[in-house]
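Peer 1: First to last, the protein sequences are chains F and U. Going by numbering that gives the first Met the number 0, the first sequence opens with residue 0, and the numbers climb by one from there. Going by numbering that gives the first Met the number 0, the second sequence opens with residue 0, and the numbers climb by one from there.
Calculated directly from the structure, the hints in this document are not laboratory data. From the three backbone atoms N, C-alpha and C, an ideal C-beta is built for every residue, glycine too. Among the clues, some could well be false.
Label pairs and their computed distance ranges (CB to CB) [as the list claims (entries may be wrong)]: (1) SER174(U) with ALA174(F): 25 to 31 Å; (2) GLU91(U) with THR178(F): 51 to 57 Å; (3) VAL181(F) with ASP123(U): 49 to 55 Å; (4) PRO50(F) with ILE247(U): 36 to 42 Å; (5) MET185(F) with HIS220(U): 54 to 60 Å; (6) GLU211(U) with VAL181(F): 44 to 50 Å; (7) THR194(U) with GLY8(F): 52 to 58 Å; (8) ARG210(F) with HIS220(U): 32 to 38 Å; (9) GLU203(F) with GLY122(U): 52 to 58 Å; (10) TYR219(F) with GLN14(U): 53 to 59 Å; (11) THR7(F) with GLU78(U): 44 to 50 Å; (12) TYR219(F) with ARG93(U): 44 to 50 Å; (13) PHE184(U) with GLU184(F): 50 to 56 Å; (14) THR130(U) with THR28(F): 21 to 27 Å.
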Amino acid sequence: MTMTLTNTGLIDLADTTVREANATLQAATEGAFTLANPGGKHALACGLQHPVSVTIKGHCGYYAGGMNKLAEITIEGNAGTGVAENIMSGTVRVTGDASQSAGATGHGGLVVIEGNASARCGISMKGVDIVVGGNVGHMSAFMAQAGNLVVLGDAGPDLGDSIYEARIFVRGSVARLGTDCVEKEMRPEHLEFLADILTRAGMEADPTEFRRYGSARQLYHFKIDNAGAY
Amino acid sequence: MCGIVGLFLKDPALQPRLGALMAPMLAEMTERGPDSAGFAIYRDGAPHPTLSCLGPLGTDWQAVAASLTQATGAAVEVETIADHALLRVSGELRAARAHLIETFPQVTVTASGEAIEIFKGIGDPMEVARTFNLESRSGTHGIAHTRMATESAVTISGSHPFSTGPDTCLVHNGSLSNHHLLRAFLEARGERLQTENDSEVAAAFLSWRMREGDSLKQALHAALNRLDGFYTLTIGTRDGFAVLRDPIACKPAVLAETDQWVAMASEFRAIAPLPGVENARIWEPEPGVVYSWGGEAKAVAA
């Protein structure tokens with residue numbers, strides 16, 4: 000089946016393959032699409048490189064919205080493992096819960112999980128901003144290098160283990176900090192940042208209720224005094 | 000990688016359709032485990048003590064039954080289906096199971112109990128389902144597995160579910176690292192294992208705990224302390240159904256519940272075909288947390 004949609008329309012995954020649907024979305028340069036009947040299928044709306052808008056009507060399988068660039072993707076349901084993995088820019092929003100490794104290795108853009116995200120949320124993140132309305136599971140922001148993880152609920156054990164220079168903001172409790180992750184002071188620029196990103200994520204929360212966590216810089220042997228040499 | 004599904008019916012009206020509901024779930028998990036498959040069905044209706052067996056094609060099951068009768072005094076009826084036989088035994092199952100394992104090395108007793116029946120095979124999971132009429136089977140609950148062998152050969156004996164105790168069985172996605180030690184520990188306590196598979200050790204561990212008087216829930220808490228490795232487990236007992244993930248939780252799991260059923264699967268897509276799924280509560284089971292339904296009655300010591 001050859002899709003004839005250009006820049007707008009409804010794609011029904013009950014009678015379209017994921018490959019065809021993704022090819023159509025990747026070819027579009029603008030406009031709005033709806034994906035119906037996702038049925039937990041994997042790799043939906045992956046590899047988009049243009050500022051299109053995509054709404055997925057239901058639960059997705061693994062790697063939904065993966066490698067996203069510029070597109071604005073909304074999943075009206077839950078997302079499986081690795082939603083928005085390696086996102087470069089644009090927005091991926093999940094109205095339900097996300098499984099493990101949400102936003103993994105993301106370089107940029109915004110990932111919003113309105114519900115909970117399970118283990119390893121933001122693992123190895125490299126610049127993406129991730130906002131989670133609920134809780135995150137264990138080992139979230141593991142080896143996170145850059146970007147921001149904002150959690151309105153609680154964080155599971157080993158938050159920020161082996162973290163580099165990403166920032167973590169948690170409003171609720173932290174079950175246990177990971178190796179080399181420590182609490183840091185909230186400065187005015189952090190409150191400003193939170194106010195801005197919460198607005199962009201469509202979340203209502205008071206920035207002053209958050210605590211900030213980041214790297215103690217004891218583990219990866221980066222000496223800030225030498226920063227000028229790089 | 001492997002695929003797991005489980006379905007526990009709360010609404011008795013669905014019982015005639017148990018197999019028909021499970022078959023599409025199993026089909027969705029084919030990609031996760033295309034080399035072998037198996038399923039356990041807990042029959043509805045009156046108890047019917049049964050040994051589920053498999054043996055090479057050409058096995059003389061009537062001779063097996065006669066030997067069983069001679070040894071235990073129990074009357075035995077035989078139903079064969081492909082390389083499987085269901086031996087309906089009028090006597091005590093534990094002794095009958097032990098006799099078969101001892102006397103017929105070529106025969107594997109895949110399950111024993113008054114409701115459970117287990118069928119397994121190698122090859123395309125849907126072919127296994129068709130061979131053993133999964134779609135037409137009725138029951139109260141069932142679990143199934145599609146296997147992608149990573150650490151041992153593709154053989155029937157490596158197919159799940161595994162069962163060593165009465166009406167108890169388990170499917171496993173993952174790998175255990177302390178199964179050799181545990182096997183010796185369990186064999187010393189009377190558990191009789193039939194394969195070299197790590198998952199069978201997990202099944203035997205639960206059987207042992209329940210034989211010692213644990214409820215399903217208690218047995219699973221004990222498992223959390225003793226099983227080392229990666230696992231998402233789904234367990235069936237005579238009247239219970241449970242899910243447990245190890246504390247690291249690398250192996251996926253999704254649970255869904257409505258007023259009519261509880262479903263478990265490695266991925267949501269296996270749950271998507273179920274009736275009423277649009278109103279289900281859907282969640283990912285937390286690491287190291289025991290989820291169970293029914294099954295609080297202690298297992299019959301056998």
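Peer 1: Indicate, hint by hint, whether the structure satisfies it.
Peer 2: Hint-by-hint comparison with the structure:
Taken as a hint, the range 25 to 31 Å holds for the pair SER174(U) and ALA174(F), whose Cβ atoms sit roughly 27 Å apart. The beta-carbon spacing between GLU91(U) and THR178(F), approximately 55 Å, falls within the hinted interval of 51 to 57 Å. Taking 49 to 55 Å as the suggested C-beta distance range, the pair VAL181(F) and ASP123(U) conforms, at roughly 53 Å. Between PRO50(F) and ILE247(U) the C-beta distance comes to about 39 Å, which sits within the given range of 36 to 42 Å.
Range check, MET185(F) to HIS220(U): about 40 Å between beta-carbon atoms, so the 54 to 60 Å window is missed. Separation of GLU211(U) from VAL181(F) is about 46 Å and conforms to the stated range, judged on CB atoms against 44 to 50 Å. A hinted range of 52 to 58 Å for the beta carbons of THR194(U) and GLY8(F) is consistent with their spacing of about 53 Å. Our hint of 32 to 38 Å for ARG210(F) and HIS220(U) holds, since their Cβ atoms are close to 33 Å apart.
With their beta carbons about 54 Å apart, GLU203(F) and GLY122(U) fall inside the hinted range of 52 to 58 Å. At about 58 Å, the beta-carbon gap between TYR219(F) and GLN14(U) stays in the expected band of 53 to 59 Å. Here the CB-CB span from THR7(F) to GLU78(U) is close to 59 Å, at odds with the stated 44 to 50 Å. Restraint check, TYR219(F) to ARG93(U): a C-beta distance of roughly 58 Å breaks the suggested window 44 to 50 Å.
As the Cβ distance of PHE184(U) to GLU184(F) is approximately 52 Å, the hint placing it in 50 to 56 Å holds. Between THR130(U) and THR28(F), the C-beta spacing of about 51 Å breaks the proposed range 21 to 27 Å.
The structure fails to meet hints 5, 11, 12, 14 from the earlier list, while all remaining hints are met.
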